[in-house]
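Hey, can you work out the whole structure from these sequences and the hints?
Number of protein chains: 4
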Amino acid sequence: MKIAFLGLGRMGRAIAKVLLEAGFELTLWNRSPASLEALVDAGGKLAKSPAEAVKRADVVVSMLADDRALREVMLEGGALEAMRRDAIHVNMATVSVPFAATLAKLHAKLGQGYVAAPVLGRPEVAERGELNLLVAGPPVQVEAVWPLLKAASVRIWPIGDVPEQANVVKIGANFMLGVAIESLAEATSLAEAHGIEAAEFIEVVTQTLFAAPAYQGYGALIKARAFEPAGFSLRLGHKDIGLALSAADQARVPLPLAAAVNARMLDGLANGDGDKDWSSLYEVAARQAHLDRRGS
Amino acid sequence: MKIAFLGLGRMGRAIAKVLLEAGFELTLWNRSPASLEALVDAGGKLAKSPAEAVKRADVVVSMLADDRALREVMLEGGALEAMRRDAIHVNMATVSVPFAATLAKLHAKLGQGYVAAPVLGRPEVAERGELNLLVAGPPVQVEAVWPLLKAASVRIWPIGDVPEQANVVKIGANFMLGVAIESLAEATSLAEAHGIEAAEFIEVVTQTLFAAPAYQGYGALIKARAFEPAGFSLRLGHKDIGLALSAADQARVPLPLAAAVNARMLDGLANGDGDKDWSSLYEVAARQAHLDRRGS
Amino acid sequence: MKIAFLGLGRMGRAIAKVLLEAGFELTLWNRSPASLEALVDAGGKLAKSPAEAVKRADVVVSMLADDRALREVMLEGGALEAMRRDAIHVNMATVSVPFAATLAKLHAKLGQGYVAAPVLGRPEVAERGELNLLVAGPPVQVEAVWPLLKAASVRIWPIGDVPEQANVVKIGANFMLGVAIESLAEATSLAEAHGIEAAEFIEVVTQTLFAAPAYQGYGALIKARAFEPAGFSLRLGHKDIGLALSAADQARVPLPLAAAVNARMLDGLANGDGDKDWSSLYEVAARQAHLDRRGS
Amino acid sequence: MKIAFLGLGRMGRAIAKVLLEAGFELTLWNRSPASLEALVDAGGKLAKSPAEAVKRADVVVSMLADDRALREVMLEGGALEAMRRDAIHVNMATVSVPFAATLAKLHAKLGQGYVAAPVLGRPEVAERGELNLLVAGPPVQVEAVWPLLKAASVRIWPIGDVPEQANVVKIGANFMLGVAIESLAEATSLAEAHGIEAAEFIEVVTQTLFAAPAYQGYGALIKARAFEPAGFSLRLGHKDIGLALSAADQARVPLPLAAAVNARMLDGLANGDGDKDWSSLYEVAARQAHLDRRGS
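Residue numbers (our numbering), protein chains in the order written: chain A, -3 to 292; chain B, -3 to 292; chain C, -3 to 292; chain D, -3 to 292.
Some hints here could point you the wrong way.
No copy is singled out in the list; a pair is fine if it fits within one copy or between any two copies.
Taking lysine-lysine and the DSSO-like style, the derived pairs with C-alpha atoms no more than 30 Å apart in a straight line are [what the hints assert, rightly or not]:
| # | residue 1 | residue 2 |
| --- | --- | --- |
| 1 | Lys219 | Lys146 |
| 2 | Lys219 | Lys51 |
| 3 | Lys101 | Lys235 |
| 4 | Lys13 | Lys219 |
| 5 | Lys101 | Lys219 |
| 6 | Lys(-2) | Lys235 |
| 7 | Lys219 | Lys235 |
No wet-lab data here; the hints were simulated from the structure.
Structural data, given as structure tokens:
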């Protein structure tokens, strides 16, 4: 199976590495070609443009930042046109629900396939091939790319035949994660305002009711106030809450928690913290409660 | 150690049972004396009034529903006056921050002790003696009641010298739990509005990012729409979110998520669902999204 | 008609003055007796305690700060007990719905009357006898105090027989006012972030869609950033939003806007701005949007 | 001055009528050509396409429903290309901030002008030539179209040189209007839950603190529960709150009230009420408080 891989940021590189190690043949393209040596050493070939990368591929995997980047590469950049008529596009990034639907249609018009396969997990997890994949698309296409999906993941969650539904699940899960962080930030600021140490509060809740990796990981960052470098940036977190709010507007579903988290994120972004980890929502909570004005 | 135990609802009975089995001598009082046979069979003695129950006790344990019930029993009911001057009151219920502070002062005036020991865990957990206890109070008093606390719990979390701080931690933890449920309710309704089965969405998120007992337990209730009988009722959940909002108002801490959850709970309460489990927040989400109007 | 007037802050003094000028006989009591000379010069008599003030009065008018002050004066201070059995208490302050109901019952038990008459209007308006009064209570009692109410107001709005319903209307109106201020604060911060002068935006909206005294008055304060001295303080505004949220919790009515305004007020209070005018909500909006970080 | 007028819904027809009466020469185009007889009788000429309508015009006025309609007509429909190189486009509709900026750039590239002139006022007001216009654009262009703007309005509010800033002001004003309606809906539902008639509450507040046309107009609709036909539909109101939230996201400004109103609107839209007046937010409030379950 010849694979073209478009978009080699930290997550993309991790997955591409795993695929090369599993024996797949990869042609690579990234906007900035820097730091692809390791992949080339592992057998990957570099292409000079998206169109060149995809033209002979059986499967095109994309892991691009957002709707806009994907549009630039696939539509304006010509990759969609350049793909073979029987090739399948596996999109592993989180994109908006309507754009996923649009892409699926454009591919179908050209006789191409489109499978949505957004990932749950961080780059470290991807490097071990232990991502969870949310997969949706026409069964025959999903089956065709199954070996590739299997190689990249610890588990595949089939979501159904309609590609954008995988995006909805991913968007819903990320929304819940943003809310979990914000709830930890709010509760910690409440505890501190009542004279309890942040570290003490976080330890109690993340070892009892919330003894789960997500809470423990973000709790540790808040305890240590270690918001840089970002594991997942506030800017991307805001993008994902925005996708949830858009998907909710489109389907007419009130999401009061998403709206509340979004407003707090804007305080952080306005403060210039877009590149910090999204657990820096704690700093917004501390600032709005003016914890620094309180005696020790 | 002679113990008076006031308040024998489901949680109170579970703890009293464990204490009797551990060899403590218990005098019991409950507003409605029904269903205390098992405890009497296990060696507990019944008292006819709170005052009678406490008068010879070294330690008075209370597990009453809310501030009002506690006020009626301890103040208006005369239990505080009737306690020995060297006795210690261990309050295991979730009460408001100012009322905890008030009680501590009143006991101190009479030379009595006051230790806050709110619990994390459900009645089934209490029956196995596996609660987590959040304990705060003057060290010498905490030490004096330690054997009792130890018998009732799997782990004791010392929070410090100021009793009401244990209540703040408990209130913060419960607020986070309410938010977790609401986020699951919102995300599930979003998924359903996009044509994804509730059960499918819940399975994916509670086996990946949110593989934690709290999410899995409430997720199972939502999947099964099994909101009655309540494990923890919407009415009590609303009381606890109210305690968080009060503690936040008192200490001037904005809690936008708590405010959002509270508004959704009021929809449920207004619909007459106060006795359902608080995971029935899902029903509020489904109603406000009018999921029943959508084609299948 | 002999009147006892309890509570002579700025609003109380304004109303008392108008009543004296209308020929009523007034006995005055205030916690701090300072600055009552003008009223004494106008014919008012000073009493040394609430009980002394009320003992010969046909009507007791109260204008105290909040539930607690009223409780201290009427219940703990003994004024209720000291009132004649056929006297009527006219409460012009904004109190909570349950406390208004409680007071009505206590008075009725002693054969006394209770009429709620909260005011709409600021002290300047009260000085001209031009308040709007929201009046509720048993018709025969309302009729008995009508001349007094008429003297103090430009218009009386009868709300019905149940005293606390007048408080609900007053609380609802003040909630709407808090929301109007917050909406002006948010919209102005949005305009500024897009490079439009605050003064320009405020002028346009308060001379077109919102050409109403409330918007124009608060708009002028925001334009001038003139938040001190307060016409109505953020602390009192927060008390009133709290009364709305309590009334809503009691009656199970979701009020998402009140919850949002409350969270913003807490940011202001935590910043130490309780004594500023409540239009300083603009400062909260500007701070959360970090307008000061933006180039001019 | 030869004018092309694109978009003749109720508001567009009202303005076109006024311009014809003021002696301007108009070429008209509307997607559906129905109900333009009155305008033709008054001297307007019909065009078969946007391109045909604009090709000889000095000024092109557009009053189209939203970004998408404007894009279809101006870009995909070829009107922009067909305009003379020295013509000026006066856009009187409410469009998004980024699209206004994009349009301004596209026109400038072709040597054409672009003036934003969104309106404040309803169709009845427009028919009397009494709109308020918010006008922004390069001074020389604004001056050139001044006679036209003057004929259509009671007052012109110059907002500055940057066209999209006029849209920001309009979006801010409409956001405030949506909040005002929602606050009236919430407060009225609170009053009703406490046993007060909706009509009584609305009368008191709209004749005292909120004696302004906006509150009185929407208050009357709520009192009469007269939500159809819509003066301004919930669907359009939701579009406008969405524009406010987008403008806020873009400029990083938290708008908690807008987020709260948006969530309530989604309940209404999900219930199938998009074509009702946006004061039907009252029905959402009544439904979430389950007022129909309460005794009369």
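Quick rundown of the hints versus the structure:
Proximity of Lys219 to Lys146 under the C-alpha cut-off of 30 Å is restricted to the inter-copy arrangement: shortest distance 28 Å between copies versus 37 Å within a copy. With identical chains, the CA atoms of Lys219 and Lys51 are never at most 30 Å apart, being 49 Å at best within one copy and 45 Å at best between copies. In the homo-oligomer, the alpha carbons of Lys101 and Lys235 lie at most 30 Å apart both inside one protomer (24 Å) and across protomers (26 Å), since each shortest distance falls under that limit. Taking identical chains as interchangeable, the C-alpha atoms of Lys13 and Lys219 are never at most 30 Å apart, the minima being 33 Å within one chain and 38 Å between chains.
With identical chains, the CA atoms of Lys101 and Lys219 are never at most 30 Å apart, being 47 Å at best within one copy and 33 Å at best between copies. Taking the closest pair of Cα atoms, Lys(-2) and Lys235 never come within 30 Å of each other, the shortest separation being 32 Å inside a single copy and 45 Å across copies. Taking the closest pair of Cα atoms, Lys219 and Lys235 come within 30 Å of each other both inside a single copy (25 Å) and across two copies (29 Å).
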